[in-house]
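Chains as they are written, first to last, in this note's numbering: chain A, 211 to 509; chain B, 211 to 509; chain C, 211 to 509; chain D, 211 to 509; chain E, 211 to 509.
Hint data in this document are derived by calculation from the structure and do not stem from the laboratory.
It is possible that some hints are incorrect.
Identical chains blur together in the list; that is why a pair holds if it fits in one copy or across any two.
What the hints assert, rightly or not - Straight-line C-alpha distance at most 30 Å; calculated DSS-like pairs for lysine-lysine:
id : residue 1 : residue 2
1  : 312       : 392
2  : 426       : 312
3  : 426       : 392
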Amino acid sequence: MNNHSPIPFDVPATCHQIYLDNLQRATQGSGRLMLMAGDQKVEHLNDDFVGSGIAEDDGDPEHLFRIAAQARIGVFATQLGLIARYGPDYPDVPYLIKLNAKTHLISTASRDPVSLQWHTLEQVARLREDSALNIVGVGYTIYPGSTYESQMYSEAARLVFEAHQLGLLAVIWAYPRGEAVKNEYDPHLIAGVAGLVACLGADFVKVNPPDGGADKLREAVRAAGRTRVICAGGRETTVEAFLERLHAQLQEAGIAGSATGRNIHQRPLDEAVRFCNAISALTFDNVDPARALAIYHGE
Amino acid sequence: MNNHSPIPFDVPATCHQIYLDNLQRATQGSGRLMLMAGDQKVEHLNDDFVGSGIAEDDGDPEHLFRIAAQARIGVFATQLGLIARYGPDYPDVPYLIKLNAKTHLISTASRDPVSLQWHTLEQVARLREDSALNIVGVGYTIYPGSTYESQMYSEAARLVFEAHQLGLLAVIWAYPRGEAVKNEYDPHLIAGVAGLVACLGADFVKVNPPDGGADKLREAVRAAGRTRVICAGGRETTVEAFLERLHAQLQEAGIAGSATGRNIHQRPLDEAVRFCNAISALTFDNVDPARALAIYHGE
Amino acid sequence: MNNHSPIPFDVPATCHQIYLDNLQRATQGSGRLMLMAGDQKVEHLNDDFVGSGIAEDDGDPEHLFRIAAQARIGVFATQLGLIARYGPDYPDVPYLIKLNAKTHLISTASRDPVSLQWHTLEQVARLREDSALNIVGVGYTIYPGSTYESQMYSEAARLVFEAHQLGLLAVIWAYPRGEAVKNEYDPHLIAGVAGLVACLGADFVKVNPPDGGADKLREAVRAAGRTRVICAGGRETTVEAFLERLHAQLQEAGIAGSATGRNIHQRPLDEAVRFCNAISALTFDNVDPARALAIYHGE
Amino acid sequence: MNNHSPIPFDVPATCHQIYLDNLQRATQGSGRLMLMAGDQKVEHLNDDFVGSGIAEDDGDPEHLFRIAAQARIGVFATQLGLIARYGPDYPDVPYLIKLNAKTHLISTASRDPVSLQWHTLEQVARLREDSALNIVGVGYTIYPGSTYESQMYSEAARLVFEAHQLGLLAVIWAYPRGEAVKNEYDPHLIAGVAGLVACLGADFVKVNPPDGGADKLREAVRAAGRTRVICAGGRETTVEAFLERLHAQLQEAGIAGSATGRNIHQRPLDEAVRFCNAISALTFDNVDPARALAIYHGE
Amino acid sequence: MNNHSPIPFDVPATCHQIYLDNLQRATQGSGRLMLMAGDQKVEHLNDDFVGSGIAEDDGDPEHLFRIAAQARIGVFATQLGLIARYGPDYPDVPYLIKLNAKTHLISTASRDPVSLQWHTLEQVARLREDSALNIVGVGYTIYPGSTYESQMYSEAARLVFEAHQLGLLAVIWAYPRGEAVKNEYDPHLIAGVAGLVACLGADFVKVNPPDGGADKLREAVRAAGRTRVICAGGRETTVEAFLERLHAQLQEAGIAGSATGRNIHQRPLDEAVRFCNAISALTFDNVDPARALAIYHGE
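So here's chain A without its partners, still in its complex pose (with noise of 0.2 Å):
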């Protein structure tokens, strides 16, 4: 990151150290982002969090609390309801609003992808005011070539223009889907909505790990500019071949963090915190691979 102002136009001067304090709790000083995602309930149902290879802790959604409130993170995303209805109890997580949702129920093929802003900036400040909890920033996803798509970016980008008014982070997630769409994978077009994100104003835009090696994103990262990519984890792998993956993202390509939930929080509490505490090491400090893979086995 070079050494351009970090506190964008919108957040206003009221609210300067609020967000400069949100971007030091996410991202620990580093500039970069880890995002452990718990918003899957919706999108995914219950397939992400019962199953066969699923730690039977993950049934239960206290246990994305325990792990994010044990766990070194950057910030922990997930819907207002559970934050408002569980954050009594864990007061000291950095949480992100995930601000729409929609399930995976029906099928892309048979229709194109939209997902609707859930609660108002106004519900998420009060919420804020009323609980003096740490909410660092929220989220929204978009589906740029679903037709439905001009509908998200007007919602995406009043929002992240009324989180930087309140001095909150904003993340989009996006996903290029819908019939429109040939392969949602491909390196240039996963660059292209990235740079579409940079001008909807967000801080970070989470992205799908495009098809190829790690260096498949480096023209993500420069379309985006100063908005920062963060990479979805993906889940078939082994923890050793994920933090490889990521060390090479992070270095190679120059991405600034990761968004990971399934790969976490399908693992039992005490190995989900591991696993945390590895990428964070990876991510904040700078730690080669196999430093991160001896903080995932506790030594």
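Knowing the structure of chain A, use the given hints to seat chains B, C, D and E on it.
Same frame as chain A, now just chains B, C, D and E:
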């Protein structure tokens, strides 16, 4: 129920006592809800109220209020219009305002279901203030899997928050339904939507009993976490079987109550009252099915 | 009508007297409504006003106001635009503002019906305040079974509440219609929508007369409860048959009045006035059909 | 025009004089309107302004303002954007702001027409206040029979009311159109939509001349009641025939003026001015066609 | 430009000087606009920024800001998100906020285009106030002929008005497009949409160069009247040809400037700056193409 704080953070401090009072009223201190459902006059038009095997009393909507006033219940859920009209004569009933409803005229096979919010929470608040009725909460139905799901989630999320801001309870009816839904009684799918409702922030989620025995609800109870699961009563059963089943659901699956409509109001007043009392004893007092059956029989 | 409170709880205390006055004006103390329907200039364009068997007078909208002013009626229902325009010369008529309307140009066979709210209740309130007209209520049509039903229920629920907040009566026209509706004159279906309207909180529900005799309305009257049922007049009948039928509906089924349009305004002024007076005598004074017929004949 | 009050009740007392002044300006005391239509730059793009048989002057929008400023007219109807731009140099023209418009690119055969409101009445009010222009009214087009009719009626009803609240006149262009409309020039249908517009509360309704002679407009004039009917000019005609026809419509059918666009502005400035003066003499001064033709010829 | 007032009446007196300053900044006193278009990161994703024949610099969005800051330009048009992010380091650039955008993923052949407003004018005003950036105007794209045109006209009309209320310039991009549009490069059609934009009240309308020579733009320039026409640059051309063409358009057709995107930013920074300077000299200083070409060559 474990000993975590019963008050979510979207209830402001000024409404904590109101919320606790409403929770106390609805659960009678048991942590469980006995919901008497009286919203079918829209959902099923007059099919549930007149016909073979249905008590003559049931043709008049006041029947619902008479039961609610004379029986021991948790809450009586129905539309605002009826509450405003009959409330003056039934001031002591604990009411839950069902905020959306549609008819069954359009089959799911011909069009995915959509049901939109009728009254605003401002209107609910005005009614509560002007009437001094015991309005303890609001309800809303979502149809995960419908092509309209996103619109309903947005309404639901906002109204749960707004209800909490007023110290009201929020109950979400959650029925997976639409062309994309193969089997709406699949236990795993029902668990999924129960978890989804937790993300919406509701206090209770009403689901249909899944295929299989009471134990099939366990996944849903876990998935919903601190949002408590209540189960629809079903209809084709004897009182004895009904009470046995509910008891099993409460004990084996740990659900937190039931929502019963037709099975109550299709009986003559006196019998309906006794049936409510039986359900409430089972739910609130933890009596066994035999004792509950005796209550039903007026013993 | 039994002796329950006539004021629903969504009428605030400050408007109780206004509401009672409006109810008194519309029902002349009888608890029954005589509604002169004059909203067909939108619904049927000029088909009801010019043609074979229609009095020459009827081609001019002022005909409606002349009847309403000279006859004994409960309320005269028509659109706000006409009321604002003719009101200055007909200040004493009890008006009911019909708030939605559509034309009959698009057949139900080709598209499910949708009819949206024209004016807001704020506009109605401003007109009432500025004009000092006797605006006693508002009306709205719903089409249960239409794919657009949900949108109309939402508008209807809110406007009934808002009308009551202003001390105005609310009348809902309820016609099951759309591709999903097999027979909109089925008594059981009509009872269903009458019950639905009770849930919307309306004071009166206007239904079409179902297939069969007057007794076929009993189910609807019971289903609507304290929301009172009024019946459309129909058209193809003699005055004598009309009065006999209405008398039977009032006596045998216990409906609370009628809504008559074409059958009134398609007659010359003098005859239309006498016909209204006959209906009103039957409705308000409980005279028998023979006496009512004599009134019609000017005896 | 009979001697009823010219002020509808939705004009508040504080705006009575403004409304009367606007009516006086637009009708020059005659009760009749001469409307110079200049809204075709959206409706017909440049097809009406450049081409064979069209004066060179007409390619520049200022041509419209020059005519409006130099000729005797009732009102000049066009979009707010043009009025805001040219108003500073043409401050004395009586303007009517056309509030919706669409292009003719999409044929009625391929899709039912929809045309939505551009500016709000708050914006109109601000412009009037800031500019001190003679803004005397607003206009809006409805398409009865279109599947979108309900949306347009809702906008129209509200804006007529809001216009009256500001003391502005309201003119509705009413064209039955859409797949459901067999013949939009049917006199009975045109009468129907004229009556519909009376229900919307407009001061004037503009209709197309129906099939047949001037007498075919009588039904519409009666159906519209106190809402006065003005007739579109048509195009394929000589000046003499135009004036004869308008004279017949005024005298035989009792219409209250005309709306003429292309037939005016497709002429060179001087001729267009003389043509307007001829129409105005016929309309306002009740001269005969021969005298009007002499005015057109500059005699 | 003739000597009429440059300030439309929807700019309130309190903002006259702001508007004049913005006009002066954007046109450098020439009445002509040189618009550097940087909104393609949404419209074309990364296709315009990375690829064969595109300078390496262009992959980073900061390249746009570097050009805008170092070159002589009228305005730099891009999305609010980028401006908020890079503005702190490029405070002196004259910005124009493009308020809507969509991707090119969905082809016109498969669905008519729709592009909705991202930020509100209140948000634009807040950004201007908080940042003290040189925000001189806003932009919006309309697609006449799309089945969604009506929605876009409504947004456009309101935002032009609101922009003027703030003293901001308004530029409308106008591209006839959709199934109903046979040839979007037809000169007469382009003239039509230019006239349409004049009705929306915009200060400038950006059109694509029509089929044929520079003279084919004359009709559009006349049709737009006081709304000034600027022309898209096109891409497949040499610098010399580009400058010749623009010169011809300015001189022969009287257009008021150009909007150039890819042709600028796909060059390395230094060359891009020189190319901007050449365009600006041609536009603002009226130099001939040879002199402009020399500027491009750094002579």
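Within, between, both or neither: residue 312, residue 392 at alpha-carbon 30 Å: both (22 Å within a copy, 18 Å between copies)
Within, between, both or neither, where residue 426 and residue 312 count as close if Cα-Cα is 30 Å or less: both (29 Å within a copy, 25 Å between copies)
Status of residue 392 relative to residue 426 across identical chains (alpha carbons, at most 30 Å): Within one copy only: 18 Å inside a chain, 39 Å across chains, cut-off 30 Å.
Checked against the numbered hints given earlier, this structure breaks none of them.
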